[in-house]
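Single-letter residue listing:
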Amino acid sequence: MRHHRKTIDEILKEHVSRASSEEVASVGERVLYRLHHATARQSLYEESTREIVAQRPVWNRRWAVLAAVLGVIMAIVFSRISWRKPSSPVESHVAVVEFIDGALRGVQKEQHRVMQVNDTLEVGESVRTGSGAGAGLALSDGSRIEIRAESELTLERANDGTRIRLGHGSIIVNATKQGAGHLYVETRHINVSVIGTIFFVSAAESGSEAGVIEGEVRVRRGESEVSLSPGEHIFSGSFVKERLFPETIAWSRNARALIALLAPPVQTPPSARPQRPSFEVASIRKNPSGSTNGGIRPRGDRLVATNVTAKMLMAYAYKPKQGQLLKAQIIGGPGWTETDRFDIEAKIGTGASSTPVEQIQAMVVSLLEERFRLKAVLETRELPVYNLVLVKNGPKLSADQTPGDPRQAFVEFVSEGETIPALPRGAVVMVESPYGTTLTGTAIPVSMLVTLLQGRSDRIILDKTGFNGFFDLDFRFAKDSGAIAPTDMTIPFLFTAIQEIGFKLEPAKAALPVVIVDKVEKPTEN
Amino acid sequence: MPTVTLPSVTSGFNQEFDELFRQHYQLMYRTALGVTGSSEDAEDVLQTIFLRLLGREFPPDLKKNPRGYLYRAAVNASLNVMRSRRRTMQIVDPDNLSAVVSSDESERHQEIQSQLIDAISRLNTGAVEILMLRYVHNYSYAEIARTLGMSQGAIAVSLYRSRARIKKLMRVSGEKG
Chain A
1 MRHHRKTIDE ILKEHVSRAS SEEVASVGER VLYRLHHATA RQSLYEESTR EIVAQRPVWN
61 RRWAVLAAVL GVIMAIVFSR ISWRKPSSPV ESHVAVVEFI DGALRGVQKE QHRVMQVNDT
121 LEVGESVRTG SGAGAGLALS DGSRIEIRAE SELTLERAND GTRIRLGHGS IIVNATKQGA
181 GHLYVETRHI NVSVIGTIFF VSAAESGSEA GVIEGEVRVR RGESEVSLSP GEHIFSGSFV
241 KERLFPETIA WSRNARALIA LLAPPVQTPP SARPQRPSFE VASIRKNPSG STNGGIRPRG
301 DRLVATNVTA KMLMAYAYKP KQGQLLKAQI IGGPGWTETD RFDIEAKIGT GASSTPVEQI
361 QAMVVSLLEE RFRLKAVLET RELPVYNLVL VKNGPKLSAD QTPGDPRQAF VEFVSEGETI
421 PALPRGAVVM VESPYGTTLT GTAIPVSMLV TLLQGRSDRI ILDKTGFNGF FDLDFRFAKD
481 SGAIAPTDMT IPFLFTAIQE IGFKLEPAKA ALPVVIVDKV EKPTEN
Chain B
1 MPTVTLPSVT SGFNQEFDEL FRQHYQLMYR TALGVTGSSE DAEDVLQTIF LRLLGREFPP
61 DLKKNPRGYL YRAAVNASLN VMRSRRRTMQ IVDPDNLSAV VSSDESERHQ EIQSQLIDAI
121 SRLNTGAVEI LMLRYVHNYS YAEIARTLGM SQGAIAVSLY RSRARIKKLM RVSGEKG
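As you go down the protein sequences, you meet chains A and B in turn. To convert, note that position 160 of the first sequence is 160 in our numbering; the numbers rise steadily by one, no gaps. To convert, note that position 38 of the second sequence is 38 in our numbering; the numbers rise steadily by one, no gaps.
Be careful, since some hints might not be right.
[Stated by the list, open to error] Listed next, the in silico DSSO-like pairs over lysine-lysine satisfying Cα-Cα at most 27 Å (straight line):
#: 1; chain 1: B; residue 1: LYS167; chain 2: A; residue 2: LYS6
#: 2; chain 1: A; residue 1: LYS522; chain 2: A; residue 2: LYS311
#: 3; chain 1: A; residue 1: LYS509; chain 2: A; residue 2: LYS319
#: 4; chain 1: A; residue 1: LYS504; chain 2: A; residue 2: LYS464
#: 5; chain 1: A; residue 1: LYS509; chain 2: A; residue 2: LYS327
#: 6; chain 1: A; residue 1: LYS13; chain 2: A; residue 2: LYS504
#: 7; chain 1: B; residue 1: LYS168; chain 2: A; residue 2: LYS6
#: 8; chain 1: A; residue 1: LYS375; chain 2: A; residue 2: LYS519
#: 9; chain 1: A; residue 1: LYS321; chain 2: A; residue 2: LYS509
#: 10; chain 1: B; residue 1: LYS168; chain 2: A; residue 2: LYS13
#: 11; chain 1: B; residue 1: LYS167; chain 2: A; residue 2: LYS13
#: 12; chain 1: A; residue 1: LYS396; chain 2: A; residue 2: LYS464
FYI, nobody ran anything at the bench for these hints, they're computed from the structure.
With the hints as constraints, model all of the structure from the sequences given.
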């Protein structure tokens, strides 16, 4: 057997699926967001059905079943008797008044009547709401209409459904699935057709407008037709899609639930942010040196990138505020994005020191989009990581726990045999030899260790130690790759070596930001 | 287990419901992930359970012991997912569950995981509840006993039997413990 050496206890410990805190938090956020939307939908439904349900007589279930059976028998008998007869006339009433705030008048054939809750509306009958009033109608297909003050509408039968002719004012329609038919709202300017959705229509002398809260509607003006999605809004005049602002539907008695439905997703992709800053001017030249050393850094009022690849630029541009963006987090793109190197000098405009890093990053995104024709999407994906955790009691604390000067938290690279300089607290000296690396330092925070380890790891290292103190560093580890094999077999590899100073790297998975490169072109040099 | 701070997504959200979700979603998601081995299924399980509670009066058992109720709900819903998945898999490809020898490390890891998940889904609900507390949430015997209102001896016996059953189902030799 393949895994005969392991006990079930070990297999369970190793192979039972576990989630990182980031993944759990992100799931929680998503589910809570969806539940919130479900609540909004439910409250909308309950608000509109509460009164009707309250009016319904409570039937004994047995009688209800009996009635249903009788109904089916009657329907069969009736259909057999009348199958040769012309189709029955259209049902005369099309809606019931669900609620009235203030006054609602019905108008038919110039006859006016004051309407009450539960009154029915006949085909062709109009209803008008007074100033400061509002009303709700339930259509026979289950759709619901909320009518704003000072509005007038007429309900009509269309060839394949129901038509609401909106004379003036505003309505919000919560349309049920229409099956084969349609629900139409017609104003003198536009015609809105729906299959099942929540939307808003308003009509005035000067023009009409429509907006979608949930689902999709088609709006026709003359020969032109557009589809509106949630959050989109259109005026009959310009007939150009615009954003539906919550204020437009704030008059509704269900405004809170409707606006919640309109709420944008929790995270907006950075690509959707308007007016990203860009460099005043930028020069790009190919670097033919063949060297693999390069970097990006602000200098004066410029950003200078020397001998960088396109992916190095992407890593800089999309680096999250906390942590790094490794090569493994940039997915896609042709081979030259990792091999071809460029020198770039770009004018920031103001002094680089006074420009926030996020703004410079956004400028690099603009440069990539304009000069490299980059099309990329930011997503979150589950990637393999290492969690840095404590072993037993963790590292030995430095005698002096006052933090070192952050400006002195540097790494001094020294070759074997060279004199090791005296270093301030918080700094690390790295001695490289063909067979191994030695790290020493005093009053080191975990963040420094993560930085040191990250340079030698193909996976992101996440600090899961919860350790906030400072420790002294002195350990040696063997190179685990390269042409020269370690001759001194007593030197442990990095993963083992860090356990000696109280840390451990555990393989895990975590939801991390990734950049998906959809399209990128070689830049034009200047 | 590290704690996670959820940003406040909603305003006007039912306070009691919101608190219930925030207090227990981690336990439920991690449990569902342990049973199903799939983050998508685990997310579905979490959402389904809370959707069922939405807009309703909480059941008395939930009011009495929310943590225990929701933990059990997560185990039950996850096992249902696994059982229905097994039915679907058997319809699609009856040989899919048999072992495929592979030298590739990651494929082998996946294969063991898939066999393990399948074996877990064939245990009874009570055994899975104990197993997940032990191996997903790293509870000690005493903590499991306290959480489920059982004796430590009963927990030990259940874990021993579960491991033996998993061993048999996975056809693994060399189980020591």
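Structure-based check of each hint:
For a cut-off of 27 Å, the pair hint linking LYS167 of chain B to LYS6 of chain A stands: about 11 Å separates their Cα positions. For the hint pairing LYS522 of chain A with LYS311 of chain A, the CA-to-CA distance comes to about 12 Å; that is within 27 Å, so the pair holds. Using a Cα cut-off of 27 Å, the hinted pair LYS509 of chain A and LYS319 of chain A holds, with the two alpha carbons roughly 19 Å apart. The suggested pairing of LYS504 of chain A with LYS464 of chain A holds, with an alpha-carbon distance near 10 Å, which does not exceed 27 Å.
Note on LYS509 of chain A and LYS327 of chain A: the hinted pairing holds, with a Cα-Cα distance of about 17 Å set against a maximum of 27 Å. A distance of roughly 17 Å separates the Cα atoms of LYS13 of chain A and LYS504 of chain A; the hinted pair therefore holds under the 27 Å criterion. Between LYS168 of chain B and LYS6 of chain A the alpha-carbon distance is near 14 Å, which keeps this suggested pair within the 27 Å criterion. Between LYS375 of chain A and LYS519 of chain A the CA atoms are separated by roughly 5 Å; this keeps the pair inside 27 Å, and the hint holds.
Straight-line distance between C-alpha atoms of LYS321 of chain A and LYS509 of chain A comes to about 20 Å, which keeps the hinted pair within the 27 Å bound. The straight-line distance between the Cα atoms of LYS168 of chain B and LYS13 of chain A is roughly 18 Å, inside the 27 Å bound, and the hint therefore holds. Simply put, LYS167 of chain B and LYS13 of chain A have alpha-carbon atoms about 14 Å apart, close enough for the 27 Å limit, and the pair holds. Among the hinted pairs, LYS396 of chain A with LYS464 of chain A is consistent with the structure: their alpha-carbon atoms are about 17 Å apart, no more than 27 Å.
In summary, this structure violates none of the numbered hints.
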